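Hints in hand, dock the two standalone chains.
So the sequence lines, in the order shown, correspond to chains R and G. Numbered per our numbering, the first sequence spans residues 1 to 237. Numbered per our numbering, the second sequence spans residues 1 to 478.
Keep in mind the hints are simulated off the structure, nothing from the lab. As the structure is a computational prediction, the values presented were derived from the model and not from experiment. Be a bit skeptical, because a hint or two may be false.
[Claimed, not checked] Non-contacting residues of chain G with respect to chain R, defined by C-beta distances greater than 12 Å in every case (computed):
| # | residue |
| --- | --- |
| 1 | Arg-302 |
| 2 | Ile-328 |
| 3 | Gly-455 |
[Unchecked claim] Derived DSSO-like pairs: lysine-lysine, alpha-carbon spacing no greater than 27 Å straight-line:
| # | chain 1 | residue 1 | chain 2 | residue 2 |
| --- | --- | --- | --- | --- |
| 4 | R | Lys-162 | R | Lys-119 |
| 5 | G | Lys-260 | G | Lys-188 |
| 6 | G | Lys-176 | G | Lys-243 |
| 7 | R | Lys-156 | R | Lys-56 |
| 8 | R | Lys-219 | G | Lys-188 |
| 9 | R | Lys-219 | G | Lys-243 |
| 10 | G | Lys-243 | G | Lys-47 |
| 11 | R | Lys-119 | R | Lys-81 |
| 12 | G | Lys-176 | R | Lys-219 |
We treat Cβ as the ideally placed atom computed from N, Cα and C, and that holds for glycine.
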Amino acid sequence: MKTRRYFIFAGLLFALMACKKQDTILFEGEERISFFIGEYDVDSTSYTFAFDPVKKERDTIYLKMRIQGRTYDRARIIKIKPGAGTTAVLGEDFLFPEAVLPADSITIDYPVVLINTPKMETRALRIVAEVAVSDDFLPGGTGQVIDGTKAINSYKVWVSNKPERPVYWDDAEYYFGSFSATRIRFMISVLGISDFSYDVIGAYGSYTYPVILRNALVKYEATNGPLIDEFGQRVTF
Amino acid sequence: MKGNRFLKYTIGHLRLGLIALLMQGCSSFEQDFSLSPIGEVKILMEKSEYDVVQLEKIHIPVTITGPSGKTGRYAYRWKAMTNEAVYILSDKKDLDTIINLPPQQYNIQYTVTDLDNGLEFNKQLFLNVNGAFYEGWLVSHNQGGKGKLTFIRADNVVFPDPVGQANNLSFPENLKSTFYTQIPYRAKYASIASFTGTEIFRFDPNTFKLTGKSQEVFMSPSGYDGIAWDSGLSGIDQYFINKGEIHVGMGDFYPEDILKPYTPGLGGDYDLFPAVISSNSRKTFFYDNKYKRFMEIPYFGREITPAANGSNTTLNILDMSNVGKTMIAAEKGRVTSSSGVFYCVMEDNEGRYVAGITNTDPSLFQKVMDSQCPEFSKTKLFAASGLFQHMYYAVGNKLYLYNIVANTAELLYSFPSSYTITDIEINRKTSRTLAVATLDGTSGTLNLFDINDLGQFVDGTPKKVFGNFGHIVHINIK
Numbered sequence: 001m002k003t004r005r006y007f008i009f010a011g012l013l014f015a016l017m018a019c020k021k022q023d024t025i026l027f028e029g030e031e032r033i034s035f036f037i038g039e040y041d042v043d044s045t046s047y048t049f050a051f052d053p054v055k056k057e058r059d060t061i062y063l064k065m066r067i068q069g070r071t072y073d074r075a076r077i078i079k080i081k082p083g084a085g086t087t088a089v090l091g092e093d094f095l096f097p098e099a100v101l102p103a104d105s106i107t108i109d110y111p112v113v114l115i116n117t118p119k120m121e122t123r124a125l126r127i128v129a130e131v132a133v134s135d136d137f138l139p140g141g142t143g144q145v146i147d148g149t150k151a152i153n154s155y156k157v158w159v160s161n162k163p164e165r166p167v168y169w170d171d172a173e174y175y176f177g178s179f180s181a182t183r184i185r186f187m188i189s190v191l192g193i194s195d196f197s198y199d200v201i202g203a204y205g206s207y208t209y210p211v212i213l214r215n216a217l218v219k220y221e222a223t224n225g226p227l228i229d230e231f232g233q234r235v236t237f
Numbered sequence: 001m002k003g004n005r006f007l008k009y010t011i012g013h014l015r016l017g018l019i020a021l022l023m024q025g026c027s028s029f030e031q032d033f034s035l036s037p038i039g040e041v042k043i044l045m046e047k048s049e050y051d052v053v054q055l056e057k058i059h060i061p062v063t064i065t066g067p068s069g070k071t072g073r074y075a076y077r078w079k080a081m082t083n084e085a086v087y088i089l090s091d092k093k094d095l096d097t098i099i100n101l102p103p104q105q106y107n108i109q110y111t112v113t114d115l116d117n118g119l120e121f122n123k124q125l126f127l128n129v130n131g132a133f134y135e136g137w138l139v140s141h142n143q144g145g146k147g148k149l150t151f152i153r154a155d156n157v158v159f160p161d162p163v164g165q166a167n168n169l170s171f172p173e174n175l176k177s178t179f180y181t182q183i184p185y186r187a188k189y190a191s192i193a194s195f196t197g198t199e200i201f202r203f204d205p206n207t208f209k210l211t212g213k214s215q216e217v218f219m220s221p222s223g224y225d226g227i228a229w230d231s232g233l234s235g236i237d238q239y240f241i242n243k244g245e246i247h248v249g250m251g252d253f254y255p256e257d258i259l260k261p262y263t264p265g266l267g268g269d270y271d272l273f274p275a276v277i278s279s280n281s282r283k284t285f286f287y288d289n290k291y292k293r294f295m296e297i298p299y300f301g302r303e304i305t306p307a308a309n310g311s312n313t314t315l316n317i318l319d320m321s322n323v324g325k326t327m328i329a330a331e332k333g334r335v336t337s338s339s340g341v342f343y344c345v346m347e348d349n350e351g352r353y354v355a356g357i358t359n360t361d362p363s364l365f366q367k368v369m370d371s372q373c374p375e376f377s378k379t380k381l382f383a384a385s386g387l388f389q390h391m392y393y394a395v396g397n398k399l400y401l402y403n404i405v406a407n408t409a410e411l412l413y414s415f416p417s418s419y420t421i422t423d424i425e426i427n428r429k430t431s432r433t434l435a436v437a438t439l440d441g442t443s444g445t446l447n448l449f450d451i452n453d454l455g456q457f458v459d460g461t462p463k464k465v466f467g468n469f470g471h472i473v474h475i476n477i478k
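This is chain G alone, in the form it adopts within the complex (with noise of 0.2 Å):
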């Protein structure tokens, strides 16, 4: 009896506490939903992106508009941000100060604190470090038995002997050849490698301090000629070539041994002509001028072998493996991330040829007669454009457009008669610019050629002509 009163107390008690639950929960609930402005403040810019070269000034001003009608009390901090580090740049409302932060693209966030209420209002922007010596050519020349470097910035300001200032160095000897050596995405372990005769002086690519000579860079180096330098589509590995033999350096996978020495030369019986065919992701093409043969070698590999001659229907184009023909040029024509062309001039006894290699295989084969193209037979000197399917050369003091598919060549300019042309180089970059380097007497001109959508030049002469050379001998684009 006494279990079921207990029950019916606590049934009650339930009961009750249901009821005044229910009740609560009926209950009308105040809620404010009117709005009060908080004083948005806008922050404006000129541009949302920015380039400095590192150790200079940047000023970039900035507009802040607060809420109507009030006068606001702000903080502002300049915040620069990569994946590994945070840079605090200023807390003054306008940036104004020297950049000294690695050349480098950064995240830029600019950030306004109203100190009234403690909100904070943010803008982002990129901000572009370029190191001093950014974008632009190298030019080797030389006089009186010594070489020079000159680089030329990509704003036309030009440094006459970067490598004499940064090192008190000058080359014992007249340079050969000077080359930006950068793997795709590497751009860390990029080096600028000038040659000699009998040395290689290697520089930082940002400052031009030396960092290498012979010895850092090839195992066993017995001078130098004949060379070229490229990495490999897909940047695995590097190729250097030097007087018909090649060297391979490490890549893209293991970077920290990208600027440890060369092999030394693969062997074998060949003499390769000075071009990296780099226009496949597996494997690079080379030239064997002895035997006359295209030559590979696949990624990692550290052997050379014959091409493959290709399949049927590309062996009524050209047979790689038996071509016949010694080469003369090999330019880079349009490549993308997984594949590229290339255009090879040949000759043999019956005249010049032009053989295109796409990606793995012969994709033209065409005699270029001197007809249709004036003096095309006469001249080394090609560059060929990543934009269009043209090729420019030079012979004496002309220089020519030839158009690939129709097989015809145009004189695009001539230099007075006593210019003789001795290298030709255009800014793989854009295919817009070509450098053009000339010879009077002992005088040598840098003339840059803005190209049209035609591939002709703009206004039909060079747009900046660069003097106080001496014989130019190498043109390089960094």
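Chain R with its partners taken away, still in its complex shape (with noise of 0.2 Å):
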């Protein structure tokens, strides 16, 4: 008999612990926000004035933030500040604006103001953008999240006057030529733009002008002779 009071008990203690209340987790802890980038992207960029069709004084190239935490039903402040290894000046070369991040928002694209100046044009300049501390967010952690984008907290950016190949030139390269300065004003100066980006031009551009700039180039030769680049290699699309 006290074997079965045994089992009885055992079974109301069991009974008992089932019944008990399970802790949902919930997020506690510091408002974060951080740099995000893409799976395959590094954690840099370069930008140069030297291939705008129109000079520009100031240009603006936008990073993309995404909080850690809640999101909040008021605008937040985000600050960010020279990091280490900066070697541009922050107000002379370059601004770090104080956004602010919407109410409800998750993301933002965060300007970064760069000034042009003459020292660009003869070494480029390195900008560590780093989350500072703000009333309302700290650095946030970093590392790869599920959907495979990486979380950071510095992101560099080299700023010059000097023509420099654009990143995306690996693309562009099958459509438009190995890359020199002395192609890519051309290419400005015959359409009138200065980025050949595969997002920016798509397909159309990527097989349609390379025959515009052909087409041009055969009457500049005519007048001027073989274009010839910085490497001493004849320019031809």
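Given below as structure tokens:
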């Protein structure tokens, strides 16, 4: 009989345990924000004022940022500061404006204002953008998330006024040939655009612009002779 | 001891339970396999596939046969389906409605629901919704210095001036040609393009609404002459030849770019004959009458180069890179999705020749003698069959059938001596109809000849004759 009681007692005990309220894990912690990049993207980019069809005094590039934590029904302040290794001068060569994350937002494109200064004609300056502490955010955690994107807390921008090979040229080379400053300047002068990335010109531009450039080059060469680039190579399309 | 007793009780109870389960398992299970009819409804229609012209009424009568002796209470539903959408057409027994669906083929599901027992019975069929201008001949003709485009539909209904009706537009000068431009399997992006000497007018092929003029079609328009249009065999690129220059448009891989302007002329030292020789799926041939050789462009290519001189096997037939003759005509013969044959009429001081280009190589080269093929050397009007190794050619008022294999020709038909044949075109879809345009003074006529299994004209006369045209300068088929 005692054994049966033990079984009944044990059964009641299990039943009581089963009825125990489960704790739901909710986010608790500081509000944070970080830059984020695609799975195969690198944590840096380059920009040059050299290829703009019309000379620019300033330009703006945008860095993608994403919060880590809850959304709020109020706007929140984001601050970015120059990180270690920055060779450009804040306020002189570039600006990190205080940005506002709108209410209920998760991501924002943070604007980095680049200023065209004479020293950029001779050397590329490095800007390291780092997430700074603001009233609303701390720097976020880093690493890859489920969707493949990566959270980082510093992003490097190389800025110059020298004709440098754009990062997208690996893809553009198939359509427009190997990079040279002479080639891209000719392309800009004919087409009136300076960004030849596939994202901007699409398949149509990739297949059509080379014909326009080739015809324009025929006219150019009729007057000026072959167009030779800075590597001593004849430019063709 | 107490433990043993508990074990003994437990085993005893388990034995009892097992015996009870066995007894339950052995009991008979009352099953009823008797059948009773559920009242199947039979649905009968005349055909399993119907054609209708958009915005016109369709009537599909249905015969419903219920179980014997039963007057059923039924509900009906006509449903048209595509991969993208479902349309409810009617809830009546017979389909008797105006079809305002977009032109394409639909799967129709006809459902009869027996209201007494809730059972549904279905019948599947196809419905082809054609635009009002679904298929037919595009006839470009001129009168008094003004061009007009007439559409003769496949069912012989004539639309004398669909461009004028749709756009309140008349061509300001003579037409040179009109093309139906459709990349294979991309009917959604097809168009109709009419050329005058200075302008192109592009129309929606289903409505004839104007969709663009020169600036929307060519980047740097500068007048039109010697025009040819076709896509490559694989549809990856489109080619427009104009004034001896080649322009390339986007194709099947980028359908959203198909209607964007063609490239400027690709440039180079050549003078192309107006023919797109799409005999191969990886590259397309052209012919340069300046240096008298074939040229080629690979798919996705935007440069034109002299064609390779072929293999040793084919060099003794023809050196495509050095032909040395002037092209007079290039006509598409039998074509599959991966290769095709083109018959090229050429001439030099010695006379005329026919060359065959099959896939990437020459397959035929023979001199054509007027003694065997009357007046062959006097014309530029040719049309090749897609079924037989035949070409039709027209000289003055006469129509001949040229048998390519036999290298001989026979007279098929003579119009009255006052008539002059101005263009001929074969229906590429069937190769069973030849359209022949004639001019008598200032009055044009379009004659449709049916073609029999020997390539000759059925009954030796035109099957249909359409009058009231001006000078017909070009026939094309949509």
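So, going through the hints one by one against the coordinates:
1. Arg-302: violated (5 Å)
2. Ile-328: Given a closest Cβ separation of 29 Å, the condition holds.
3. Gly-455: At roughly 41 Å from the nearest Cβ of chain R, Gly-455 (chain G) sits farther out than 12 Å, so the non-interface label holds.
4. R:Lys-162 / R:Lys-119: Measuring from Cα to Cα gives roughly 10 Å; hence the hint holds.
5. G:Lys-260 / G:Lys-188: Roughly 14 Å separates the two Cα atoms, so the pair holds.
6. G:Lys-176 / G:Lys-243: holds (13 Å)
7. R:Lys-156 / R:Lys-56: Since the Cα atoms of Lys-156 (chain R) and Lys-56 (chain R) sit roughly 22 Å apart, the hinted pair holds (cutoff 27 Å).
8. R:Lys-219 / G:Lys-188: violated (38 Å)
9. R:Lys-219 / G:Lys-243: Within the cut-off at roughly 20 Å; holds.
10. G:Lys-243 / G:Lys-47: violated (50 Å)
11. R:Lys-119 / R:Lys-81: holds (22 Å)
12. G:Lys-176 / R:Lys-219: violated (31 Å)
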